[in-house]
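Position one of the sequence shown corresponds to residue 29 (this note's numbering), numbered consecutively onward.
Heads up, some of the hints might be wrong.
List of simulated lysine to aspartate or glutamate pairs, EDC-like, C-alpha gap at most 16 Å [to be verified]:
id, residue 1, residue 2
1, K62, E190
2, K387, E377
3, K149, E274
4, K367, D384
5, K279, D384
6, K149, E132
7, K152, E134
8, K53, E33
9, K88, E126
10, K145, E132
11, K256, E238
12, K241, E222
13, K279, E260
14, K279, E238
15, K241, D272
16, K387, E347
17, K67, E190
18, K108, E126
19, K108, D272
20, K145, E209
21, K53, E126
22, K108, E138
23, K62, E126
It should be emphasised that the hints constitute simulated quantities derived from the structure, not laboratory data.
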Amino acid sequence: MKREEALQHFMDECVSVHISRLQEKVDRQFRQEKEVLLKPIIHSLEQLFAYIRDQQEQGKLAPVAFIHFSLLRTSLLDNKCTYLLEAYGEKWYYDWGECTAQYEAEWLSEAIIDLHKTLEKERKPYLAIQAADVRGIIQQTVILFHQYIIQLVRYLFRYQQESVPEIDFQRAAYLRFRVGEYKGFSEDVAMFDERERVEQNLLSWLGKNEMDKSYTFENFSSLPLQQKHFNEMDFSYANFNGSDLEGASMKQSVCVGTSFVDCSLANVDFSYAAIQDADFRNANLAGANFTHAQGKTLMLPDDEVACYLGTDFSHANLENAKFEFAQIAGANFTGANLKGATFFKRDQEKCLFSPDQIKDIHWIH
Numbered sequence: 029m030k031r032e033e034a035l036q037h038f039m040d041e042c043v044s045v046h047i048s049r050l051q052e053k054v055d056r057q058f059r060q061e062k063e064v065l066l067k068p069i070i071h072s073l074e075q076l077f078a079y080i081r082d083q084q085e086q087g088k089l090a091p092v093a094f095i096h097f098s099l100l101r102t103s104l105l106d107n108k109c110t111y112l113l114e115a116y117g118e119k120w121y122y123d124w125g126e127c128t129a130q131y132e133a134e135w136l137s138e139a140i141i142d143l144h145k146t147l148e149k150e151r152k153p154y155l156a157i158q159a160a161d162v163r164g165i166i167q168q169t170v171i172l173f174h175q176y177i178i179q180l181v182r183y184l185f186r187y188q189q190e191s192v193p194e195i196d197f198q199r200a201a202y203l204r205f206r207v208g209e210y211k212g213f214s215e216d217v218a219m220f221d222e223r224e225r226v227e228q229n230l231l232s233w234l235g236k237n238e239m240d241k242s243y244t245f246e247n248f249s250s251l252p253l254q255q256k257h258f259n260e261m262d263f264s265y266a267n268f269n270g271s272d273l274e275g276a277s278m279k280q281s282v283c284v285g286t287s288f289v290d291c292s293l294a295n296v297d298f299s300y301a302a303i304q305d306a307d308f309r310n311a312n313l314a315g316a317n318f319t320h321a322q323g324k325t326l327m328l329p330d331d332e333v334a335c336y337l338g339t340d341f342s343h344a345n346l347e348n349a350k351f352e353f354a355q356i357a358g359a360n361f362t363g364a365n366l367k368g369a370t371f372f373k374r375d376q377e378k379c380l381f382s383p384d385q386i387k388d389i390h391w392i393h
């Protein structure tokens, strides 16, 4: 067997099986043990914040605009999954004075150790496959595990805000927390935006309905957006908290991770929208249309968007909302008003409803 053939056979018969096994384990830990997994991250933030204060008192660090969690791929050589936490001013890498802390994701290190030992053992019959090939496979695979750190930090700022260490240092008007690779691709996981906004400029920009433009991660909170049409637009991880979108249309829009906390969303059309990890806590969604919306939390095929935190409707008003054909298995309806909301009876077991909610829902057989 030629080297290329051997490597492909090894990937198909061994590697894919063990990666799937370990990803299931990591996914289960993430969903069941978030509070425990967060403790070392919080501790690392405490260390970094203390260092920031010390550096700023000495005049060595500008007001902080970026706090970056960077995956150190070199740590994989020691079968560890280590992140470097860094603080930067507004010029980012060009305004850097050393201000760092470290965090080791021990639960992911355990998965990497398991994968390395298993692949080292199973590569032996393949004479053409070397230890360096196994290391290369691990370097490629770690990105699957890295996604859970991104979502874990998002969870911290969304649901455990009181556990975030006090941000009592000098910071820029726009402070961004990002997770990614060391001096490579990264993405926002939390933002504190105190910049002065010109509401009319935001409304004008949104009014252009530029479907080829991305409105991701933007701040659209507390805006009057009633009856607007935002069909087929990408609002992933945008912030609409407190905005009034009553009667708006977001049909086929991408609202992955979008925050609609405390929004007025009565009669909004979310049909065919992607709502994985969207946050609708305390929103008024009376009469909203979620038919064919996608937001399930189960393991998904490679060509679908993963849902890590779950679509959250807790304490929302969903009176007379429509959920026919919606794929929202695992969504959180804790404390939600579901009087007259329509669901297919076959979907009853896919979400956890209270006895009162089950009575209130209009089940379609």
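These are the hints, each one checked on the structure:
1. K62 with E190: This hinted pair holds, its Cα atoms lying about 15 Å apart.
2. K387 with E377: Roughly 14 Å separates the two Cα atoms, so the pair holds.
3. K149 with E274: violated (59 Å)
4. K367 with D384: holds (9 Å)
5. K279 with D384: It is violated: about 30 Å lies between the C-alpha atoms, which goes past 16 Å.
6. K149 with E132: Distance ~26 Å between K149 and E132 Cα, so the pair is violated.
7. K152 with E134: violated (28 Å)
8. K53 with E33: violated (30 Å)
9. K88 with E126: holds (9 Å)
10. K145 with E132: violated (20 Å)
11. K256 with E238: holds (13 Å)
12. K241 with E222: With Cα atoms ~24 Å apart, K241 and E222 exceed 16 Å; violated.
13. K279 with E260: holds (6 Å)
14. K279 with E238: holds (15 Å)
15. K241 with D272: violated (22 Å)
16. K387 with E347: holds (13 Å)
17. K67 with E190: holds (13 Å)
18. K108 with E126: violated (23 Å)
19. K108 with D272: violated (46 Å)
20. K145 with E209: violated (25 Å)
21. K53 with E126: violated (36 Å)
22. K108 with E138: holds (8 Å)
23. K62 with E126: violated (30 Å)
Comparing the model with each earlier hint shows violations of hints 3, 5, 6, 7, 8, 10, 12, 15, 18, 19, 20, 21, 23; every other hint is respected.
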